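Student: Since the structure of chain C is already known, use the hints to place chain Z with the ligands on it.
Protein sequences appear in the order of chains C and Z.
Taking this note's numbering, the leading residue of the first sequence gets 1, the next gets one more, and so forth.
Taking this note's numbering, the leading residue of the second sequence gets 1, the next gets one more, and so forth.
Because the hints were derived from the structure by calculation, they are not lab data.
Some hints could be false.
[What the hints assert, rightly or not] Over the 12 angstroms line for every Cβ pair with chain C, so calculated as not near, a few chain Z residues: (1) T8; (2) G220; (3) D249; (4) S277; (5) K421; (6) S446; (7) D449.
[As the list claims (entries may be wrong)] Partial pick of chain Z residues on the chain C-facing surface, computed with a CB cut under 7 angstroms: (8) T73; (9) I77; (10) L90; (11) V91; (12) V93.
Remember, predicted model here, so these are calculated numbers, not experimental data.
Glycine residues also receive a C-beta, built at the ideal position from the N, C-alpha and C atoms.
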Amino acid sequence: MRSRWLMFAITFIAILYFYMRDSLVTTSVIGTAITFGLPLAMAAMVGIMCERTGIVNIGIEGTLLVSSFVGFFTASASGNLILGLISAVAMGAISGLLLSLLAVTWKMDQIIAGTIINILATGLTSFFYKQGHTIPSTFPEVDIPGLSSIPFFGPVLFMHGPLTYAGIILIFVLWVALYKTPWGLRSRAVGEHPSSADTAGVSVIKLRYLNVAIAGAFGGLAGAYLTLELVGSWDRGFSAGKGFTALALMIFGRWNPIGALGAAIFFGTAQAVTNQLMITQVVTIPQQFTNMLPYVLTILILAISAGKVRAPAAEGQPYEKEQA
Amino acid sequence: MSALLELTNITKTYPGVIANENISLSVTKGEIVALLGENGAGKSTLVKAVFGLVRPDSGEIRIKGDLISAGDTAAAIEHGVGMVHQHFQLVPVMSVTENIILGDEPRKGIFIDKKKAREEVVALSKRYGLEVDPDAIVEDLPVGMQQRIEILKALRKDVDLLILDEPTAVLTPQEIEELLGVIKNLASAGVGVLFITHKLREVMAVADRVVVLRNGKTAGATTPKETNEEGLAQLMVGRNVVLQVDKSDAVKQGIVLSIRDLQANDDRKHTAVDGFSLDVHAGEIMGIAGVEGNGQRELVEAICGMRPRLMGSVLVDGLETPDMQPHKVHRMGISHIPEDREKHGLVASYSIEDNLVLNQFDQPPFANGWIRNSNALEQNANTLVEEFDIRTPSIKTTAGALSGGNKQKVVVARELSQNTKVVVAAQPTRGVDVGSIEFIHKQLVSARDHGAAVLLVSAELDEILSLSDRIAVMFGGKIVAILDGKDADRAKIGRMMAGLAS
Ligand SMILES: Nc1ncnc2c1ncn2[C@@H]1O[C@H](COP(=O)(O)OP(=O)(O)OP(=O)(O)O)[C@@H](O)[C@H]1O
Ligand SMILES: [Mg+2]
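Next up, chain C with everything else stripped away, as it sits in the complex (with noise of 0.2 angstroms):
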């Protein structure tokens, strides 16, 4: 608890430093970190919902893999974006759906089906992919009229494409829904101690298969943003290690949709800044060197926040009745 405020303190102190300094370049650079840790906290927010329900979802990396893939090549051919997105988000539950098959009805081993949804993905992208593709543009920024004049904040938070937007607000409504409603309390109530909510007549392999499936959709919006909407192109290995370190943010930020997006923001901005200091060449690493940093983070994230964080006691135990 007292690292994550520190970590926050740390972070607004240094920002409104910067902002004093050169209001120009902080406000370039945080919305760049909004941008670069909005996908990390999409994909955390995938493993949230699995695990919340007991489901431990390693293979986030090969549903945005798969599903940003799709969305690509289907906005490719039929040049709408629309189209693109609806198929990444189909692509998306259908992965989701493939791993509740696989660890909730056969009960497979959670890790393993996980990784067979990576290997998959990759088998799949790889096998299927054609060079030379392009789409007609990506999703483009819409400014909210107004709100977007506001200094500093206008422009970090109110000028971005629509996909952003809809993730943003889609991880408040998580948070609430998880926190607020029946849903969440029943979903939570499976994560932890299934046998109990099974005993109040919520059906445990239902709301996993509904859940994880939902969270796979999440997934798909979160590859189609990062191929529609920021990067505009696709390439082999596209998702390029994000979903694993959103399980990550994901521990850090205690299976809280809140508090994973802060520990997503975060990230976000220490590559942010990191582009920022390459750019400039104020300092001169070589590249290999700044690539590893967003694992390098994590690793550093993991260790700070082992030991003090509990995850959902029933995670990766496949549910069984006679163990009542």
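Tutor: Using the frame of chain C, we list chain Z with the ligands on its own:
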């Protein structure tokens, strides 16, 4: 009138055991049926089948005439069945309120109406005289409190058939009275009740009919009018049971366990043990009498190194035991039968064999240096299973698969087989059948006769009275009086426990 619940030829087998064999049973509206049987007789299995938590291999379950498919909990709930589970079905990290409303939450739009939920819990707790703190987190609560939550959860819904699987094992005497009253009221309002207990007095007090299971089969049926407690005990165990403990006079030796000015807090950081001093001699059973919640639990935990000692010390043979190091405390000669066997007594996923050596697995003969000695482990397990009559298909069975009372016997067997200098026994016979109570009592007496100092904490005043050589009455974290076991007067102790006289 057609039966509310109609079970026909229910059979359920587990690897190596037939838990239920062709059991038929019915409950009609407004009837209280007591289900009796030894530990492992198959009572819980049978009622779990009714509630859809166990899928019987064969047989038919009809509720209000409708056939219920095996393992369909939702259908059972829809048909108005409520159940209090022996193994609590509570989410540890959630609040009392959240646990009670789970599955049927009061709503405001799409949200949970938290205010209304809390009010509902408060009202429910008042109405049935079972006090709970609606905002407490379940895992911080003692078992007695958890039991109340489990009961309130079932009473909240307007059920037509109420199944109670040992609801009274951890309640205080007053709470039991209240609950029995509630059960009677519900029955006169037309609810059918299926009631499992090991306390024969309760059966005599409320049951209309008694059904007895033995080794998974129906062993007989009777009514309280036709029989008495001895008769019921005999029907359950199949032999004569001595409900009275017979023991010789204590041969008191030197002081072994010495508790000096001990002070400890409860989980909410309020003083629970408040300057407690007591000497226990080798060869005596010292009983601690007191209304639950007067610091007994904290006292036991502080002695055994499981709860910080804020002040004072605990000495064994004059040597000070370390604070907050249960393993070292045990090494110094204090064995401990914990009141919460699921949490502190067993590792549910380990075999019985391993559970029987949990606190000495690294000692010879169970290990030679780094290597475990499987022969010694097996031999130890076989001996204890035999001696303590632990009903299990095999010593390799996981402890989690045992019936409640047999789990308790595993803990008792482990702790009493080590011939330690001190035995701290907290609620040692909770949830065990009459035959086994007799047996555990004999074991405690024999530990005493072999020179152990026994500190017995029990919510059952009868147990304290019949076993103790001396009785310390505890109130508000302190000892208010120490009496000789022989001339202890029930009424007088009762008054002292309530903090009235001294
Ligand atoms: N999940 C399980 N796996 C294997 N065996 C089991 C399981 N549950 C129960 N059993 C076995 O079935 C038998 C009946 O157990 P059950 O829990 O119904 O007994 P019970 O009559 O409720 O006893 P108690 O009074 O101790 O609670 C026991 O031999 C027990 O070991
Ligand atoms: Mg039972």
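Student: Which numbered conditions among the earlier hints are violated in the structure presented, ordered from lowest to highest?
Tutor: Of the numbered hints, all hold.
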